[in-house]
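Engineer: Given only the sequences and the hints, what does the whole structure look like? Please build it.
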Amino acid sequence: MDLLQFTTAALIVESLWETTKMFWQNGKFSYDKIGSVAFGELIAVGAGIDFMAAVKLPIKVPYVGMILTGILISRGSNFMHDILGNMNNMHQKSKTK
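Sequential numbering from 0 applies to the sequence shown in numbering that gives the first Met the number 0.
Treat the hints with care, as some may be off.
In silico DSBU-like pairs for lysine-lysine, Cα to Cα no more than 35 Å straight-line [what the hints assert, rightly or not]: (1) Lys55 / Lys32; (2) Lys32 / Lys20; (3) Lys59 / Lys94; (4) Lys20 / Lys94; (5) Lys20 / Lys92; (6) Lys55 / Lys20.
Hints are computed from structural coordinates only; laboratory data are not their basis.
Structural biologist: The following block contains the structure:
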């Protein structure tokens with residue numbers, strides 16, 4: 000694993016953790032967030048979308064990449080745009096070194 004993959008993994012882990020923290024807000028369970036994740040999972044697993052494989056972070060356990068992708072895409076297009084922008088910035092910085 001190179002430094003760019005390591006940094007990408009850290010960015011994804013932070014994003015996943017921040018998403019799961021939204022399940023419990025203001026002292027109560029957020030059904031909206033769970034619903035969003037359920038639809039994200041349905042789309043990712045149903046369509047075989049694996050963000051981890053796309054960014055060259057191979058997951059050894061089948062379906063885990065798709066499950067994690069479902070959580071990420073549940074945040075919506077703006078969130079994914081931000082993640083891809085951050086990853087692109089890291090990639091550009093690594094190319095200049």
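Engineer: Just pull the numbers of the violated hints for me, sorted ascending.
Structural biologist: Checked against the structure, no hint fails, so every one of them is satisfied.
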